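Asker: Chain X is already provided as a structure; the job is to place chains U, B and E on it using the hints.
In case you want the letters, here they are:
Number of protein chains: 4
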Amino acid sequence: MLSVTIIGGSGYVGGELTRLVYLHPEVKLKATYSKSQAGKYIHTVHPNLRGILDMTFTDYSPIELATSSDITFFCLPHGQSSKIIPEIAKSNIRIIDLGADFRLKERSAYSKWYGFQHPAPDLLNEFVYGLPELHRKEIATTRKVAVPGCMATSAILSLAPIVREGLDDGRIIVDAKVGSSGSGGKPSLATHFSERYNVVRIYKPTGHRHTAEIIQELSLLQKRNVEVSMSAHSVNMVRGIETTSHVLTPNVPSVKDLWKVYRAFYSGSPFVRIVRDLHGVNKFPDPKFTIGSNFVDVGFDVDQETKRVVAIGALDNLVKGAAGNAVQCMNIMLGMDESEGLKSPPLHPV
Amino acid sequence: MLSVTIIGGSGYVGGELTRLVYLHPEVKLKATYSKSQAGKYIHTVHPNLRGILDMTFTDYSPIELATSSDITFFCLPHGQSSKIIPEIAKSNIRIIDLGADFRLKERSAYSKWYGFQHPAPDLLNEFVYGLPELHRKEIATTRKVAVPGCMATSAILSLAPIVREGLDDGRIIVDAKVGSSGSGGKPSLATHFSERYNVVRIYKPTGHRHTAEIIQELSLLQKRNVEVSMSAHSVNMVRGIETTSHVLTPNVPSVKDLWKVYRAFYSGSPFVRIVRDLHGVNKFPDPKFTIGSNFVDVGFDVDQETKRVVAIGALDNLVKGAAGNAVQCMNIMLGMDESEGLKSPPLHPV
Amino acid sequence: MLSVTIIGGSGYVGGELTRLVYLHPEVKLKATYSKSQAGKYIHTVHPNLRGILDMTFTDYSPIELATSSDITFFCLPHGQSSKIIPEIAKSNIRIIDLGADFRLKERSAYSKWYGFQHPAPDLLNEFVYGLPELHRKEIATTRKVAVPGCMATSAILSLAPIVREGLDDGRIIVDAKVGSSGSGGKPSLATHFSERYNVVRIYKPTGHRHTAEIIQELSLLQKRNVEVSMSAHSVNMVRGIETTSHVLTPNVPSVKDLWKVYRAFYSGSPFVRIVRDLHGVNKFPDPKFTIGSNFVDVGFDVDQETKRVVAIGALDNLVKGAAGNAVQCMNIMLGMDESEGLKSPPLHPV
Amino acid sequence: MLSVTIIGGSGYVGGELTRLVYLHPEVKLKATYSKSQAGKYIHTVHPNLRGILDMTFTDYSPIELATSSDITFFCLPHGQSSKIIPEIAKSNIRIIDLGADFRLKERSAYSKWYGFQHPAPDLLNEFVYGLPELHRKEIATTRKVAVPGCMATSAILSLAPIVREGLDDGRIIVDAKVGSSGSGGKPSLATHFSERYNVVRIYKPTGHRHTAEIIQELSLLQKRNVEVSMSAHSVNMVRGIETTSHVLTPNVPSVKDLWKVYRAFYSGSPFVRIVRDLHGVNKFPDPKFTIGSNFVDVGFDVDQETKRVVAIGALDNLVKGAAGNAVQCMNIMLGMDESEGLKSPPLHPV
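Chains as they are written, first to last, in this note's numbering: chain X, 509 to 858; chain U, 509 to 858; chain B, 509 to 858; chain E, 509 to 858.
Derived by calculation from the structure, the hints in this document are not laboratory data. It cannot be assumed that every hint is accurate.
As the list claims (entries may be wrong) - Below 25 Å or equal to it, Euclidean Cα-Cα: the simulated DSS-like pairs (lysine-lysine) are:
1) E:K538 <-> X:K851
2) E:K815 <-> B:K815
3) B:K712 <-> E:K712
What the hints assert, rightly or not - Derived Cβ-Cβ restraints for the label pairs, each shown as a range:
4) B:K645 <-> U:A772: 20 to 30 Å
5) U:S775 <-> B:T564: 22 to 32 Å
6) E:E614 <-> B:N759: 34 to 44 Å
7) B:E813 <-> E:R651: 54 to 64 Å
8) X:A546 <-> U:S775: 41 to 51 Å
9) U:Y622 <-> B:E813: 49 to 59 Å
10) U:S727 <-> X:K543: 50 to 60 Å
11) E:L510 <-> X:A546: 54 to 64 Å
12) E:D677 <-> B:H787: 36 to 46 Å
13) E:L510 <-> X:E614: 41 to 51 Å
14) E:S775 <-> B:Q730: 22 to 32 Å
15) B:H787 <-> E:N600: 24 to 34 Å
16) X:K764 <-> U:H787: 21 to 31 Å
These figures come from a predicted structure and were not determined experimentally. Cβ coordinates follow ideal geometry from the N, Cα and C atoms, glycine included.
Chain X with its partners taken away, still in its complex shape (with noise of 0.2 Å):
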């Protein structure tokens, strides 16, 4: 069993990750480091996992805890990733970013759209974006990989079909619908129940910072700029994305073409569903149907009459969105099935 350490472990994500890492086979959480929470025991602020893991949380230094494992994930807040490591990148040994620090390739880009001079400009290059859906060969190879935002996962793994096929003109929206839980762990007046309950709430009407990375990878497909305007919405549930992405095309393609666009793409990728029927009551994606699952769901409908192709993802936040996807690219890194510990379904109802 190779060994696994979270830095971070004491947010939703890393409670995620926890308990995806105790159900995977192949490896095992050796650590779980919180400043805020050194010594609890890890039940204690993920209740779910009462009775399963009997551990603390830990606030040894983070640089030798990784350096002495065989993976090391990090579940940090924006900026801190990028402190720590630099250092910890001189052993070699694999790292998980899932926070934003080393997604964009751009040092500029982080200027822009974080207002945030980054202290590590030239390890940018050395992470992959990890995406397994694009980059599936350079995570294989990799030892640094940079876990994609939640809604832009839903966003390009929505889109990517329609852009690479050059289908797009250019100009895409994007309106995003949040669950609670990507807001994280800490209470605050915008999370407190009585306010947040039955919102919809347009917290980022623009500038949201995951639009770097839809710009840059959706670009990357088509190497040329791809111009992405998003607005994002807090919706009154707890897990869930979905993102309804209207794209403004010259010529628009049928339904069929679609189809065949999408599962070409997607062959060979066992966490993307491509949702997309002509009867019943959930026709196109919707995140209930995907909670406590690694899928993301993927589909789309044409409107011929204003020109418009519409693009629809929905995943859960916190497992393809972030924890899923993150043990999908250790996977991937580590040579094993990429589904492996991930095979739960979704649950329904819930």
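Answerer: Just chains U, B and E now, with coordinates in the frame of chain X:
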């Protein structure tokens, strides 16, 4: 006291209208017609009204009921009011139709959007589109009002100032999120609690019928055609609609200029609140803060980077999106204060 | 118009009271005191009131505010109103305290249930327990009212007819389910959306403080001690309380007899609805159908098999459970119609 | 691999069982019978299973399906399995019935609680009540198991240690709160989203059928009759059951003593977690922390003041309350590790 009849009183819109008529100091409910619930007490269908109205639904001739009342409201499924209104219209009583049958001016629009040969096309131009904020004067002098669709109200009112100012380039994308009460009171798999809870279900990515109203009204404001695409999503709540409209524009105005445009446009409109704060959790419109009231909240943001204005609308679909707006129209038709009977503030938290 | 001051206006009860005072035709809000929010506009804290009240919170001397108003409401955390009311009480203005400080008659009850040495025990008997259905006459002639706790109101009113009739054997178990708004507006881990959503959290299996009020009031009805056990649960909603009270009894009455007992007891009480249907989905009280109104719904069932009467109460905790009941008391104190300003029917669906 | 057939695979319990069988390493789904959905792909009814099982429902003879499989699960509405099981029972294959038809030992109990003349009373004693924590040994040696009702499982397992220890005085009141998935997948007014959202609906104040099982099993533990009263409430969630049981007792034990009693009782039961913390938000069982898992959490509190022990149970009604418990029984019948295929931890947050 003027007498009011409701034709179609057993649905959610009929129930909300009953509640508002009960609260109104100048009118009195004379009869409420429901074929399916005839003979039953109102509170058996609308349990909130228990102990308030000691009255049963009737299936007595809707034409006689209507023609013997001062005002008649129709809350019927699409295609039904146009069958009986022609007969009633002869008597020149005040008619307020909350259905879709008389919203559109063009007979051909019914064929296109509803697949429906309109049985009374001559009446289409006799009806005023019942949005006081756009047609207050016409409403004051008509006897026939067609109350807008709930999503259309949110989209049109959030967009109207921008469009009349000519800030758009003619291309608008509306992304709507709606609560379950918009689907009515009839059980189905789509509204079964276990299936409907926690969804972000894009039930109409293209071709939603309310689009026709939005196009009609926005085009009127500019005397040119506006192209509108809409995608509609069911989200996890009962009341409320939010529309996020993405407006592409060559020249993005400043926030300050938009404030002026919105303020000027809605001066004298007591139910429109402009919500665009710089700080706090609730900087933009959210249906959560309109529940139970006739307010529509409108707001905006600008994206200089991608040449986009985002216009946000939020309302309670059963009040400003239907029954409250209908009462507001009635007040104007009767020469009363526009706000009469509609002064209850929204509930919070709820 | 009489002038009203609210001391403690920034919490949820204070906000609801502000809403109800705004709607009331005979009184006017003069000032709303909040130490923490002083200087801020009311709508920044209560976003539903945007566009309605153009007024800020003040931290000006609560004693001067109170003594220069006709009626003063206190919506303060436990232990605070008893510090300032002694000073104000001298001036003989009308005081309505929505906190717990003057609900109990016995000084020792505060030591026992609240672990609190009451600083003004002499005033305890000057306050009337503000439940109009039990103490209407005393409220009409007092200047000092202590508004009951929200759970206590539901439990007492659903049980009172049974207990006064002597149908119980002195042993009652109350199982309460409450929405999040009962926990107030201050964020914490317990109310963090991701942690609070979907719970059935028994936060107080034994020893809930409202038990003291229930014992006091039920015992008064029978001039003997009634033993009450209560367990309180948080459930997944914002507004609403339901209490299911299990009453052990040697002689189980018939449903018909209970109907008579309840009808007689609540004759003349406009805000109590007896809900006990034979058919349909909503045969018993459910807070869902009281939201936004001052109704308390009470109902019952009998279990001949196990010698048990089940008494059910349901209400909106912020209205009949707090602010609405306070306004009802004010109306009675002022000699007005008990229902003035409280006529809004509940919302449905919501 | 052993072959499994599910008779009644299109309901929520059938769907959950399909999911668990898919995950199980030692058995394989051979057929899933549904009369109403015959011919349709499984994922059209259980959208979570899209892309996982490429199989259709069949309406081929359930008797032949059953008799040619190693294990057959029945997930049928009350009264149906007892019609076909007598024929199948002859062949001595393993039968696990998730319905109510073989849970009770007394023929007369069916007349009393179900108003049902049992068609196969001779078989009642051949079935073992499938609660491994009480009947592990009998399950290991039988070929016929009747899986308990979901509420019964929570109530019995939270109460069993107390009752076996003789701490009760024979009088127990169970107050249950259940999610919507317990009502199944068939739409009705009671489960219509707008009507079901936000409820605390006491749908069965007295006479709930699961009471019969609770009485049977608790009485067995003490060899004397235990009197149980139950009231059941629908609350605003999809999965989960919580039972709060109020146990009247002359001698209230200490918390420490109860810890010992519970620990001893559940030693060797891998799916029972005892939850009774002194600090924190989640000191007692809450279904929120069991979702997706086979855990049942049990806890307790004591009320010295009113001579009451409160026993709390919480579980996922579709897993430990039905399909998961059925798989656990299967594992025991087959001599496998009791936890096989059931190791997924609960999801959190969700």
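Asker: Name the hints, by number, that the structure is in violation of.
Answerer: Checked against the structure, the hints that fail are numbers 4, 6, 7, 8, 11, 13, 14, 15 and 16, while the rest are satisfied.
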